[in-house]
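Trainee: So the protein lines, in turn, are chains Y and G.
Going by the numbering used here, the first sequence opens with residue 1, and the numbers climb by one from there.
Going by the numbering used here, the second sequence opens with residue 1, and the numbers climb by one from there.
Simulated from the structure, these hints should not be mistaken for lab results.
Heads up, a few of these hints could be off.
[As the list claims (entries may be wrong)] Chain Y is nowhere near these chain G residues, computed Cβ spacing over 12 Å in every case:
| # | residue |
| --- | --- |
| 1 | A15 |
| 2 | L77 |
| 3 | L116 |
| 4 | R138 |
| 5 | P303 |
| 6 | R316 |
| 7 | D358 |
| 8 | G403 |
| 9 | A406 |
[Unchecked claim] Just a few of them, taken from the derived set where beta-carbon distance is under 7 Å, the chain G residues facing chain Y:
| # | residue |
| --- | --- |
| 10 | T52 |
| 11 | A53 |
| 12 | Y71 |
| 13 | Y73 |
| 14 | A126 |
| 15 | S331 |
| 16 | G379 |
| 17 | S382 |
| 18 | T388 |
| 19 | V390 |
| 20 | S392 |
All residues carry an ideal CB built from backbone N, CA and C; glycine is no exception.
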Amino acid sequence: MSEPLLDQEVAARVLSRALANGGRFAEVFAERRGGMSLAIDESRIESVQAGAEEGAGVRVVDGATTYFAHVDGLEPAELERAADEAASALRADRGEPRPLSARPVTPVPIEVAPEGVPAARKAELLRELDQRGRALGDEIAQLSASYAEARRVVTIANSDGLFTGDDRTRTRIGVQTVARRGDKVETGAETLGAHRGFELLEDDPGLIAEQAAQKALTLLDSRPAPSGSMPVVVGGGFGGVLFHEMTGHGLEIDHIHKGASVYIGKLGEMVAQPLLNAYDDGRLPNEWGSDAIDDEGQPTQQTKVIEDGRLISYLYDHLGAEKDGVASTGNGRRESFRDLPIPRMTNTYIAPGESTPEAMIEEVKNGFYAVSFGGGQVDPATGDFVFGVSEGYLIEDGKVTAPCTGATLIGNCLDALAAIDAVGNDFFMKTGMCGKGGQKVPVGTGQGHVRVGRMTVGGTQL
Amino acid sequence: MSGQLPSVELSPAAARAVEAALAAGAGAAEAYAARDTGREVRVHGGAVESLTAATQAGIGIRAWDGGRVGYAYGTDLSDAGVAALAARAAEMAAVADSDEFAAPPAPAEIEALAGLDNPSVAAWNAGQVAELALTVERAALGADPRVAGVETAVYADSTEQVAIASSTGIAASYESSNCFAYLQALAEGEGGRETGLGFGLARGPDDLDPEAIGAEGAERAVAMIGAAKPASRSCPVVLDPTVAASFAGLIGGALGARAVQRGRSPFAGRLGDEVASTSFALHDDGRDPAGAASAPFDGEGVPRRRTALIEGGALRSYLYDTYTANREGTSSTGSAARAGYRSLPSVSASNLIVAGGDLSTAELLAEAGDGLFVTDVAGLHSGVNPVTGVFSVGASGRTIRDGALAEPVREFTIAGELVAMLRAVVAAGSETRWVPFGGSVQTPPLLVSELAISGT
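So that you can see chain Y by itself, here it is in the shape it has in the complex:
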């Protein structure tokens, strides 16, 4: 792994200054972040850009209050200035950080560093995506695709004596298509991403262009989505955003501690039918939401949150865990050195069940089949959530029939979770970007097909 961004002595000095006016915990988080991206649109390579930033954030915790300052650059004098700034509001006696001891970390393995791949090769890849998608026919009116690579090297030291770091490289491509037939216009999108290097794109990256194009073409035959309450079969992979929204966010410990989650007081209770098992897992090999350690230096882990329908764990960062007298689950994450860590999901998924997707659909008389999604949103306090369906179909007499556009699924967490009555055996993961408190972090979502016995489909057709 790469060299630490800070000397251990510099880190110790910064921590000592951070505790100069008291406080029970101090931390310095140093980061070098960089990457490049480019796009193709109208079959032309454009928006070619590269970035390189470095800086550090210093926090001091005293009582229930966190003082935080961040600076650009990693000059020791700048870091000490940030420490002084964070400490400036405290008025207590000097605290002493414990001596630092280095904890080695094995970062998620990267085979082909994207920085070493010529930019022209990345442009060529986008041209391939463009051609593959457009090859599906003249009804593909527009195609745009993007490539992005990002590397974050972090060094973390805290007053409990921890000195550690990580080196993370993520690569992702995405394709958006527009199909047109007369006045009818539809769109399709697909992404491929991982905590991996350029080897991610060795197989058949062009496949996602075909998938995105096929989605838009399929929807050219769509009708407006139905509205009302009905059984809903949710597709695998990104369908896991359902669980991410309706359960994952409500288990983040900050929401629990602030009285703003419907899962308060539910630990140990049955919240789902016994067929449901679910995890947050920051250690899934090379998965989009995986890291070796979280952004507080805690090793990531697999945390089972629902076991046979029973809620068994919340998701903890350092401060939340300290408050509950438990160990952090390695969910303290931040977008960059400019942000405070908060409890966040990593890769969240419903474990594979025993049903086949075909059987789950056959058992529905009339309902809705939601295959892919644009994303979702939840208010953890009320439990109300929504998620937008980008590709959906009617289920009529146990058969998948007409494609539909313009549907959003809406429900309340506890009701919808309890209404899951079948879980498929066709598990896979997809990538997403999750926003919370103004910070975006990469998260994985996954599941096989899942059936919700009753849910509101918000279309226009009564």
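For this one, chain Y is given, so just place chain G on it according to the hints.
Mentor: Same frame as chain Y, but now just chain G:
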């Protein structure tokens, strides 16, 4: 704390970056340097939960090699750092394909814009702004016994300095400050928990009203107690300003010329067409001192201005940056936006302003008769297709019965198509408000004659 910073002057840094890019082989170059000094206070339970002090500064360099464009950004403003970035931008340009319309703008006279800063941002210390946030929380807790708590109350401010320089002769700079406070209040009753948002925006903390912000959050949360799903139906809907702003933002986005020219907007090919009722008028104004997005010039140094978008029901103009204007042989509307130095400029609205009408909110509800008053929407990023304009989003609010507000409703969707919705706006209210959703938007409540509701 800005006084303690090792200060690299932004304008000279931008000028040096342009020189360095030309030296690295670029045919033309532009540099955008920005420094942001800000702080944020979060309070919870009568105590400060976090206090953040932040400075960041960086530069983004755009290099042209004929019609090829490359971009590089970074935080290292030293001579060597800027030179390395400039070389990187030129290197990026070599990867792009040539586009005959890609070119830097020519300099134009930039009129100064007063009123973008407020001395109270610098004058108020951390203790004072923390007290402001605590007052927001206290006001909510004291407003009604059913307010059970406040999830977060936040105050934040920032002072931004921007400098731009280009090889075509642009050299300009400005400074502006913004602040806001908001809270998410929690109310309990009838076996449920409800949330309510209160917020305020200003140039400085002395123009915020913490009592009003707290009271608004409390009122919104308490009003939702006992909410149930409404029946699925098609009915008149009144969008309150926070919701109307979200939709105005979507419309402003769809009026960006980039989306239009690439066939990805429901407004493509409709210039001059009737796209709204005469009750809905929209313009973009990048110089309104009350608008958070105001500045003397846009993200590529073109003067900001006022642009009528929809007037008398007809589509009057799209929004252009230099590239999209070149493509149509027209002029930029000063609509190149940047999300800081990290981003290439791209077409985006500045401050969107929806014209107010004659009716008070009470009169608007009376006009609606029976329907729904929507006070919150969720899932806009996934429930709206910006290419087709088809939308279905989560919503909550109040029933309108016999022209007045009645019981609360939640867990339903409103669905339709953007242009059809604009044509169905039958009245705009007179009570306009600045809202930070959908960008920076000033809007009244809007009465839409019919939208599809999906509930029970």
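Trainee: Take the hints in turn and mark each one as holding or not.
Mentor: Now for the hints, and whether the structure bears them out:
Non-interface status of A15 (chain G) relative to chain Y is upheld: no Cβ of that chain comes within 12 Å, the nearest being about 20 Å off. The Cβ of L77 (chain G) does not lie farther than 12 Å from every Cβ of chain Y; its closest approach is about 9 Å, which violates its non-interface assignment. Every CB of chain Y lies more than 12 Å from the CB of L116 (chain G), the least distance being 23 Å, so the non-interface label holds. Once the 12 Å rule is applied to beta carbons, R138 (chain G) is consistent with being away from chain Y; the minimum gap is 16 Å.
Distance check for P303 (chain G) against chain Y: the nearest CB is about 25 Å away, which clears 12 Å, and the non-interface claim stands. Interface exclusion of R316 (chain G) from chain Y stands, the closest Cβ pair being 23 Å apart, more than 12 Å. The Cβ of D358 (chain G) sits about 31 Å from the closest Cβ of chain Y, beyond the 12 Å cut-off, so the non-interface label holds. No Cβ of chain Y comes within 12 Å of the Cβ of G403 (chain G); the nearest lies about 24 Å off, and the non-interface call holds.
The Cβ of A406 (chain G) sits about 20 Å from the closest Cβ of chain Y, beyond the 12 Å cut-off, so the non-interface label holds. Interface restraint check for T52 (chain G): the shortest CB-CB distance to chain Y comes to about 4 Å, inside 7 Å, so the restraint holds. A cut of 7 Å between beta carbons decides the hint on A53 (chain G): the least distance to chain Y is about 5 Å, and the hint holds. Because the closest C-beta pair between Y71 (chain G) and chain Y is about 4 Å apart, less than 7 Å, the hint holds.
A hinted interface residue such as Y73 (chain G) counts as satisfied when its beta carbon comes closer than 7 Å to some beta carbon of chain Y; here the least separation is about 5 Å, so the hint holds. Interface hint status for A126 (chain G): upheld, as the beta-carbon distance to the closest one in chain Y is roughly 6 Å, under 7 Å. Taking 7 Å as the C-beta cut-off, the interface hint given for S331 (chain G) is violated, the closest approach to chain Y being about 22 Å. The restraint placing G379 (chain G) at the interface with chain Y holds, with a minimum CB-CB distance near 4 Å, inside the 7 Å limit.
Annotation: interface hint on S382 (chain G) holds; nearest CB of chain Y at approximately 3 Å, less than 7 Å. Here the hint on T388 (chain G) is kept, as its CB sits about 5 Å from the closest CB of chain Y, short of 7 Å. At its closest, the beta carbon of V390 (chain G) sits 4 Å from a beta carbon of chain Y; the interface hint therefore holds under the 7 Å criterion. Contact between S392 (chain G) and chain Y, as hinted, is supported at the beta carbon level, the nearest pair being about 4 Å apart and thus within 7 Å.
In terms of the numbered hints stated before, the structure departs from hints 2, 15, listed from lowest to highest.
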